[in-house]
Amino acid sequence: MSIEDDLLREPSGGHAVAVAFRRSNVVMGARWATHVNGWLLLLPAAVLLVTFTHYPAVATFIGSFFSTPKGARPAVFVGLDNYQAMIEDPIFWQALHNNIIYAVSTIPLTIMLALFMAVAVNAKLVGRSFMRLAFFTPTVLPMIAVANIWLFFYSPGYGLVDQVFNLFGVPAHNWLGDEHTALACLIVVAVWKDAGFFMIFYLAALQQISPNLSEAAALEGTSRWYFFRRVTFPLLMPTTLFVLINAIINSFRLVDHIVVMTRGGPNNTTALLLYYIYEVGFKFWDTAFAATLTVVLLVLLAAMALGQFIFLDRRIHYQ
Amino acid sequence: MSAALERTGAWLLAFLWILPLAYALWAAIHPSAYSAHFTLNAPLTLENFVKAWNAAPFSRYFLNTFMLVTMILAAQLVLCTFAAYAFARFKFYGRELAFVLVLLQLMIMPDVLIVENYRTMTAAGIVDTIPAIGLPYMASAFGIFLLRQTFKTVPSELDEAARVEGASPLQVLLKVYVPLAKPIYVAYGLVSISYHWNNFLWPLIITNSVSTRPLTVGLQIFASSDQGIDWSLIAAATLMTSAPLLTAFLLFQRQFVQSFMRAGIR
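Protein sequence lines correspond, in order, to chains A and B. Under my numbering, residue 319 is the last one in the first sequence; the count climbs by one each step, no gaps. Under my numbering, residue 585 is the last one in the second sequence; the count climbs by one each step, no gaps.
It is worth saying that the hints were derived from the structure and are not from the lab. Hints should not be assumed to be uniformly reliable.
As the list claims (entries may be wrong) - 20 Å max Cα-Cα, derived EDC-like pairs, lysine to aspartate or glutamate:
id	chain 1	residue 1	chain 2	residue 2
1	B	K370	B	E479
2	A	K70	A	E215
3	A	K124	B	D549
4	B	K501	B	E484
5	B	K410	B	D430
6	A	K283	B	E415
7	A	K124	A	E215
8	B	K410	B	D478
9	A	K283	B	E325
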């Protein structure tokens, strides 16, 4: 607009006006081209993103206020009935409880082990390339495949866990069939699967830390543990936050091992939220109730997204 | 923590971490009588692989997974490149808002929107097809973000020089940006292939026939069917399904680790 205003005030003759006008047309054209090109480039991805992420998220929310269509009966608006049913559903609370226990045990264990692995692989230990291989291998294996191997490890009597415990005189135990041990067994598998993945981020961060620091500390006679606690660990804080967020997401996203190992049992003690959604939606075909449960999961994930923005802000200060 | 203790701990941990794979190998290459019985003189055999391969249509499952992974990666590379280019170098209306909406998918992944996405696929009439498995993942926020960050590091002088010589925006993208981002494409490709080779829950829900099931779902049906629990067969099938990725990882270990690192850090 301002270009056209300038044009009108142009004092010189017709020729200059024509040139300026043509130039302004080019500028305006280029500007429009930028907008159009930008959106055209984005369009294919945007269509798919809206169809399979934004639309389903909104539709889930709306669907949670309707009943499940059955046969000839279409879905009708039921207000907060589904939420009422959810609050009264003991299995929902159990699944939420299980998921929280699962998250708060898996996450710190995974992070501590990942950090330990990274320090070990980063140190000049004998066989560190074998170690790195061993730690990272679970990351590239399908969860569904390794869950079958772990299923054997836990089988009562002849499974590897019982065979080892048997050497120490511990009697055979049905690890996955016992309400008190089943969830812990799944936690072990999750830690085993993820620790090596998170290790590589710590490894990358450790390699960024200047060796001068540890040399200076060694001259001062600082103990290695003190140095780790006061220098290395604080410097790794941005990585820890990054790993933490990913670990939280994983603890709500991945339920493959549950399908293979326990199917939520015994007595729902290993049902995590997403697994319960899968059961309600695709075994009982109660899609409205499954949508209501999904809303809870989405709210949890959105809360974490918000947390991440805050953490990301802090991350900048560290660097 | 003394160094000796640290070393012992690290070795113990490495041993524990490789144990499941080592066990699978043991069970797969010995007769089933030895699957839970460990002696040095156990006879070796490849019988389990043959039996497992013939007990289920694994060749078809391999083909399905191969098609699925290729389709997803090809679509992701094209879509994410275009979108990333738009975000990195075009100042269009609504860019900031659009970018936030894209990033939302990093938190709210297709993996949790199974109920509604199933409904969409039913409405579109493509339940139990391979494209239906892949569609929700093709526009990947992760890929868009990763490539945008990379494209932003390309010096704008290169871009302008190409434009002065009369290259169109698309030519600039293909001649300047894409070649410079090659390592990121390799990293993203490896991560995407491993993710979708291993993905399970959504394919389990959306497929119900041999001609569409990927390996993970096929393996689960094979392992849980009522053929009696023969751990040697399951171990052999498990190794078979993981073999391509595992071999690639063992051969290109450094690239794999670096790719996962690169893909995660930005």
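Each hint tested on the structure:
1. K370(B) with E479(B): Judged against 20 Å, a Cα distance of about 61 Å means the pair is violated.
2. K70(A) with E215(A): violated (71 Å)
3. K124(A) with D549(B): Between K124(A) and D549(B) the Cα gap is close to 43 Å, so the pair fails against 20 Å, i.e. violated.
4. K501(B) with E484(B): Violated. K501(B) to E484(B) sits at ~24 Å, over the 20 Å cutoff.
5. K410(B) with D430(B): Violated: K410(B) and D430(B) sit about 32 Å apart, past 20 Å.
6. K283(A) with E415(B): violated (41 Å)
7. K124(A) with E215(A): holds (15 Å)
8. K410(B) with D478(B): It holds: about 15 Å lies between the C-alpha atoms, which stays within 20 Å.
9. K283(A) with E325(B): Between K283(A) and E325(B) the Cα gap is close to 48 Å, so the pair fails against 20 Å, i.e. violated.
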